[in-house]
Each structure stands twice: as C-alpha cells, then as structure tokens.
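Protein chains: 2
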Amino acid sequence: MPAELNAEQRKALEDEIKVMGDEIRKLKTEKADPAVIKERVNKMLEKKKELGGGEEKPGKFVLKTGKGTRDYGPAQSALRNSVLQNVVETFNKYGAETIDTPVFELRDVLMGKYGEEGGKLVYDLQDQGGELLSLRYDLTVPFARYLAMNKITNITRYQIAKVYRRDQPVMSRGRYREFYQCDFDIAGQYDLMLPEAECLGIVNELLTKLEIGEFFINLNHRLILEGMFAVSGISPKDFKTICSSVDKLDKTPWAEVEEEMIKEKFLTKEQTSKLGELVRFRELNSNLNNLELLEKMSALPELGQNEKFKKGAEELKVLIGYLEVDGVTTVRYEPSLARGLDYYTGAIYEAVAPKALEGTAAEKAEDTAGQPVGVGSVAAGGRYDGLVNMFDSKLKVPCCGVSFGIERLFAIMEARQKSAVRTTQTEVYVASAQKNMVIERKKLLRTLRAAGIKSEMPLKANPKLLTQFQYAEERRIPLVVLIGERELQEGIVKLRNVVSREEKDVPLDSLVSTIRDTLAAL
Amino acid sequence: MPAELNAEQRKALEDEIKVMGDEIRKLKTEKADPAVIKERVNKMLEKKKELGGGEEKPGKFVLKTGKGTRDYGPAQSALRNSVLQNVVETFNKYGAETIDTPVFELRDVLMGKYGEEGGKLVYDLQDQGGELLSLRYDLTVPFARYLAMNKITNITRYQIAKVYRRDQPVMSRGRYREFYQCDFDIAGQYDLMLPEAECLGIVNELLTKLEIGEFFINLNHRLILEGMFAVSGISPKDFKTICSSVDKLDKTPWAEVEEEMIKEKFLTKEQTSKLGELVRFRELNSNLNNLELLEKMSALPELGQNEKFKKGAEELKVLIGYLEVDGVTTVRYEPSLARGLDYYTGAIYEAVAPKALEGTAAEKAEDTAGQPVGVGSVAAGGRYDGLVNMFDSKLKVPCCGVSFGIERLFAIMEARQKSAVRTTQTEVYVASAQKNMVIERKKLLRTLRAAGIKSEMPLKANPKLLTQFQYAEERRIPLVVLIGERELQEGIVKLRNVVSREEKDVPLDSLVSTIRDTLAAL
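For the record, the sequence lines run as chains A and B.
Following the UniProt record's numbering, the numbering of the first sequence begins with 1 at its first residue and continues without gaps.
Following the UniProt record's numbering, the numbering of the second sequence begins with 1 at its first residue and continues without gaps.
Only chain A is shown next, with the shape it has when bound in the complex:
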C-alpha cells in the first residue's frame, strides 16, 4: 500500500505521469525501438503504482469519456439512426442478411491478421485469469472467423458495429478510438465480377440516396498494379511500399511522390518515369472513358504483353460492362488507386465525395496534416480471396465487399442538413389549460396511444400553458390537443397546429380520425 499522498503531491505525480505518457506516444509515433518503449511504459506503470488507485474520494470522479471516444446525444443519435435506416434499407434491397459478433475476440484471432505491426493499435483486455482477449479492430476479421468457425462458404451479409483502435485521436478529422464500421460482403463461389457489380451498385445507390453531392467511385485491380510495377522494373518485394507512395497521388502532386520514391524508397529516375506514365494514365488521358483507357493501356507494347496486367484489365472490362447495364455511371478506372493491397487480391474501389462539404460551415475544416477534411473516402472495398483461408487452410471462401466510412457520412450529413433531425417521433402533445386536469389528460393520452398515435403529456400536475406550447414548439411536435374544463363538458377539445398556431374545436368522438387526417396532410 503506497503512503497516502496529499493533493499537491498527487498533482505533481499526475503531471509527471502525463509527461511520461506523452513521451511514450511520441516514441510510438516515431516507431522507436520497442524495447525502449517497453522500458518507458514500465517506468510509467511504476509511477502509477505510487499514485495508487483507491485513495480518491468518492464523488471526485473525472467526468469524461475515455480518450478518443464520445457520447452520441439525442440529436446525433437521431441523425445517425436516420442515416443507418437508409443504409440498412439499401442492404435489404440487395438481399443481404445481417450478423452480430462479440465486441472482443481471442487475441490470437486478431493477431493472426494484424501481426506485430497492427497489434500496436489493438486494445487488449487485462488478463484477469481467463483467456487473452482484445477488442475488435475491424469487422472483417470477426467475419472471416465466423465463416471459418461455422464452415460457411456462402453468405451475403452486412454488419454495423463499433470497432476500436488505440490510434492518436484527431477529433477534428473525425478520427476516434471508438467508431462505427458498416460492412457489406458477398462470400461465395460466384461468377467473375458479378459480386463486385453488386457491391458497386450498393455504393452508387446509397451515396445517391444520401444526397451527399457529386461523388466518384475510383476502380483499379491488384493485377494491374502488379503489371505496371513489373514493366517499370520494380521488384515485387517493393510492392507494398511503392503502393503506399502511388496512392498519395489523389492528394499530392506527382513530383513530390516521385521524389519520395527516389529518395526514400530508392527507385531510379528511370523506374519512376516509366511508372509515372502508367499510374497517371487517367490524368494524362483525361479525354478517354474507362474502356478507352483500358484499351489504350492494353495497346502499350510492354504493358499490353504483361500477363498480370492483361488478366486484370480483362476482368475490369467485364465489370465495366456490367456497370453499364446496371446504370452505374459514377465509376472511374483510376490506375493510381493503390490501397488495402496487403489484403485485396482482385478489383479494388474507393468512393470519394470531394464536394460533399461545399457550402457548409465545415467546408474549410482541415485535418492536422493540413488536408481539407472533405477529401477522403466515404466507402472502400474490393476482392479478398485469402482471408478466410488464413483461419482454415481447407476452406476456400472467395469474398468481395465494401466498407462504408459511416462516421464520415454522419459528419457529412450533419454538415449538410438544413434542419436538425427530430430527436423524438411524438405526433401529439396533450396539454391542459387549467389546473388539476391530470386525470383528464391521462384519459385522452390513453385513447390516442391505443389508436397507435405517438403522444406525450407533461408529467406535471399543473403545468403552465405557455411552457407546454414552448415544449411542443422546441420538440417540433406537430399537434397539441388542448383540453379545458368547459370544452370537455361540451365533449370537445382544441386541436392546435404547432407551426401555424391555428386552433380548431374537434368533437372528442372524432378526435382520433381528425388527428390521423391532419397528420397525413402535414
């Protein structure tokens, strides 16, 4: 048991620990030697022990949520639910089922996928004498584990749930440690590009429905990237690192990307020149459509002969043909799209909505890197045929899917909305003009609720009339039923339209039908 600390000592110790924590995070960001980081963490834990845990007096809580997390209040919840309703409706329209998995997985299951690298960002549960568990990092690994565990070779499912990453949170950029993911995946042995067309159809339909403004879906193929790299003389072992440079082209000029590849990744000027012509093929041929671009690249002497490129290009041509039939016109073939390739095995795609925040208060927002918040993907996916296999070497389950950047979509919808989503669905507020009418209000409320009308009344015996009207206005409840003693004796109530403030007398026995008609006409 550590010695009791006085407030001053405690504060000093807390400050010291905070500095140590900041230092550790800095080391982690700089990818310092793990042994050094570990030593620092141990030192900090020692200090924390000195601080002790049990001394704080009850009532002295720090009233906050965990770092990088936040509550959704009623307004945010209502907005989120209205977006998710659109999302789920679209998934249902395309025939998807849904599943739910636990928030934590056995640590081994997660580590198999992310390895040491990704593991750093995983929240581990404390070993309290049972299994080693970690919070899920995404929804893909739980999905693959679910398929492998149940030997499922065939399912089209969506899952909407929170995932957890011990990342450096950047709230302004919408990067939290707890956030929703929203995944749609088609697992199963199907024919070429038919599942991909469904995924892109869903992206197109949902983004259209959400009215986020103009958007594009960039499309590429792993084999096309591999082919372009091969004819540029880039070694397959550099695939991942060069992909990460190439993928910056949507935000960074070619000259900078090229410099990075030469200075940091040791490509020759000859290699980057060759690669630059290929990955910028759309940019350099902006007058061509998707099929024309593929045709023209296929006609290049070296690239056109590369087996990988040929296969990738043939597959994309089939997909582009299907998308035309489906009426999906927002897809652009973009040879510089190069993300998620530790993972994807075929077609890859990513939706961007560069003007989603145009004209909104959030338009000028920048992230910590000085990039406009608005530029960023709102959905991304592709084909990944190897993942389930990792959990069960005998099980071959080809998969393709798409993950919506649902938190970014929430932010876009929030910025674009003209008026806030209502936080309740109340249709009628039962108010009274005089005192002592609680029983009469309750009787009326019972009648309305029995008729399926969403209704409330003030939970006070003698509420003020003005307060009741204000409540209805603030909550945007469309109708108020106002009861008064004399009117009740005559068998009537007043029905008030909250927006227009018009009132009319309605006989009690036709109140329900009058309310229904009025609501229907609003």
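Quick caveat, the hints were computed from the structure, so don't treat them as lab data.
A portion of the hints provided could be inaccurate.
Note: identical chains are not told apart, hence a pair may lie in one copy or across any two.
Calculated lysine-lysine pairs in the DSS-like style (CA-CA distance at most 25 Å, straight line) [claimed, not checked]: (1) K67 / K162; (2) K18 / K28; (3) K120 / K67; (4) K317 / K460; (5) K64 / K162.
Dock chain B against the given chain A, drawing on the hints supplied.
Just chain B now, with coordinates in the frame of chain A:
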C-alpha cells in the same frame, strides 16, 4: 524470451494452466480470501509466460468466440431485430429520445458505483500506457455519468446496447458475459408517480405487443419494506441482507426463507413471524385487490402508524389510481418484492411471465439451480433519485426507469415463434431458364430495384433452374420472375408465386405494377 517448447511440452503446460484457472474460478465462487486468489493468479500468469505468446504457428487458431459470448447468425439477428423494432416503436410512442455511450468507461467511474464487490465482475482493459478503462457493466452508470457530465437535468431516453460481466456463464439459462440491455428512463423533476406510470405503461404495452403470454408486474415500494422491517424489529443495518431473503419468496416456500433468516441471518422467531405476516400479505389475502391490500395493511395497528410505511403506501395508492386510468391491469402490489434496493429509493417493479414458455420445446428447461428457466423477470425497474448525485453532488436529478430483460425476451420469442423470421427481405428473385442470360437478368433487376422492389438474382452466369427455385423457396422469397429468350422477344416474362407455384405471363411494361399488386395482396 522463453525457450521454444515442443508440442508435447506445450500441451502439458496448457493443461496445467487450465487446471490452475479452474481452481481460481472455484476459489472466486467460494469467495475465498482475495490474497490467496491473487497469489494463485500470479502463479498462473507466470506459467502463461513460460508458454509464451508468439510461438504458435499461423493457421493454428482456436476458432471460437471468447468464453461466455457468442455470435448472432442471420436467423438470430433477424429475430432480434424484429423484437427490437417493436421495442423501439413502443419507446417512440411514449416520446423517448435515444443516446449512445462508449463501450468502455474510465475505471473510476464504474468503481464509484460498484465498489470492490461488483468490481470483481468488471472486465478491465489492459493498461497500455493511457487511462485505466473498463467495459461497461450496465447502462445505468453510463447514463448517470452522461447526465452529470453534461449537467442534464431533464431527459426521457432509451438506450439499447451490450454490457459485459465476467460472471460464470450459464448458457442454458441465457446468462452470457456479453449481452444486450435495453433501458428506458425518465430523468427530471416531475410530479408524484407520473413518471412511474409511464414506465409501467411501457412495460404493459410492450409485453402485450410481443405476445409472450400472461404476465404480471409486481409492484412494491422501498419505504413499505423499511416500514415492515421496522415494525418487525429488524435493524436498518440488516435491510439489504433480509431483502435478499424476502425476495426469494417468489420461488421458495416461506418455511425455507424463514429458516435462512433465523439460521444464517440471526433473526429471532418472533421477528420472522411478524415479518412473515407482512411480506406474505398478498399470499394470505389473495381475495383482495391492490387498493384493498394497501388499505388493510394500513389498518394494522403498528404498521399503519409507521411513517415510512404510510408514505410508501400513500405513494403506491396514487400510482395505482393512475394505472387504472391508463388501463394497465397487469400490476399487482406485492409486499415481498425486494430487489435492487442498494439502488432504488421509491417504487420498485418487476414483470414476470411465468407461462411464457408453456407448450414450447423450452418449457422443461431448468437452470443450473434446478429452477425452471421460464420463471424469471422480463423487465424490472424503479425510482432511483441518488445516482446522478453520486457523480455530481450539486446536481439533483430524480430518475425512474425500467430495464427490459431483452435477452430473455429474445429467448421467449424464439421458443414461441411458429416459423422462423425471414433473414432477408427480398421480394423478387430474378431467374432465367436458359444459359447466357446474365445481361437480361441484370437489366430486369435494374428495373425492379429502380422501382424500389427488393430483389436479387443468382450471381452465376448459368445457374440451374431447379437451384434457383430451391433458393427462392428456402429463403421464402415470395415471387420469382423467370425470363426466357423466346418470352423476352415477345415482351413478356413469367411471374411465379413461390408458395403456390402458380405461374403467369406478364408483359414487361406492366411487370412492376403487377408485382406491386401481387405483393400487396400476399
């Protein structure tokens, strides 16, 4: 780094750790000396270190979910969503908002409420160099923290989310370590018993809507219990422990409960006799209704004079009067209801559905204590005026609420359902009779989806007709549109009713309207 183990050594070590783990759990169940448990845990952790973590080969995962957790597959998810839809509709009908809070809270926030005792069942996150966090144990503490943190004194909200308890899981009894809770609470300064009446109205309406069979809502009041205990000569310091005995009366005969109170809790026979007459007042006066019971108890010479009892009884009479106006007839005043009283400050209530599983396959199921699974509460709640105060001593926010046993309701609905809930909402399946019709199917699918009709097609170039019909039958998709080359040339398709297997020719240009009419008539 531990020495590399061979498979045999590893297996032996794993077995040893398992035995140690079982022993620790046993000690915990027996509430052994924490120091002893701690020592055992440390020993086990040492052994685990010997085992090491990184040696297992990839692909050698244990494919399971964490202990006490499980996946919800499509069928369970569909059932759950259909139950939750009813729940949310009811909450909306009563004017509730919704909020969402992070899955973990600062450990101090949780520990303030549960203290050492409850803390044992809390999942802690590992200290990875940041704040100390724990998974939420219920939704009430996050709600109180949310109110205190945002200084909210007035909200009617529901929250549906998973909570986490490191309890000994009993799957057969539906007791998991990860499970949904579903809470509705009214926070704010309102008039006597009006919020309680809303809560009981919601319980009554929702359980009626779910058709779980006959149910009752038992009702009691903390002050009535305190009054009964006082006139029985029981010391206030024994309140909690005697409540836990009294509360067993719904499942255990009086004689056994009395014996427990005498032998284990050291009451005298005189005390228990007096208490028995009072807590069994409903049982001993089964011909009386709620108000009559309260009147008769109030007329008892000693009890009727007890200030606490008088106040509790007066309050319940007001509530019972309101419930009569509201048409809530399922509430019974039950003086032996005595749960949650470390927490509740006024009225308490609990809904039971003793016959919910009657006639179902699950009827005879018993839990590990030999109790029928069917006996158990499906909703419980009450008034708790002190909780928010605990987080902010200056903030007085009276609350009352109800928590639905939503996992039990899922289980009841699952046992009672005549046929499984559909896992998709697909209305039309677009099939083809001949080969090479994928483009034609896609064109038709596009038309249907554009018209808002939920539809799918096989993602194969050349699916077999029989396979397509089987798929539609298994998935209970109501309609199949069957296209054939010759028919298409004539501008018609076949529309097949999957249940009746009737087919009729429909011109393409009236297909959408015919489908809409057919679906509407199903």
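Now the hints, each set against the structure:
| no. | hint | in the structure |
| --- | --- | --- |
| 1 | K67 / K162 | both (16 Å within a copy, 20 Å between copies) |
| 2 | K18 / K28 | within (15 Å within a copy, 35 Å between copies) |
| 3 | K120 / K67 | both (16 Å within a copy, 24 Å between copies) |
| 4 | K317 / K460 | between (68 Å within a copy, 17 Å between copies) |
| 5 | K64 / K162 | both (19 Å within a copy, 20 Å between copies) |
Comparing the model with each earlier hint shows no violations; every hint is respected.
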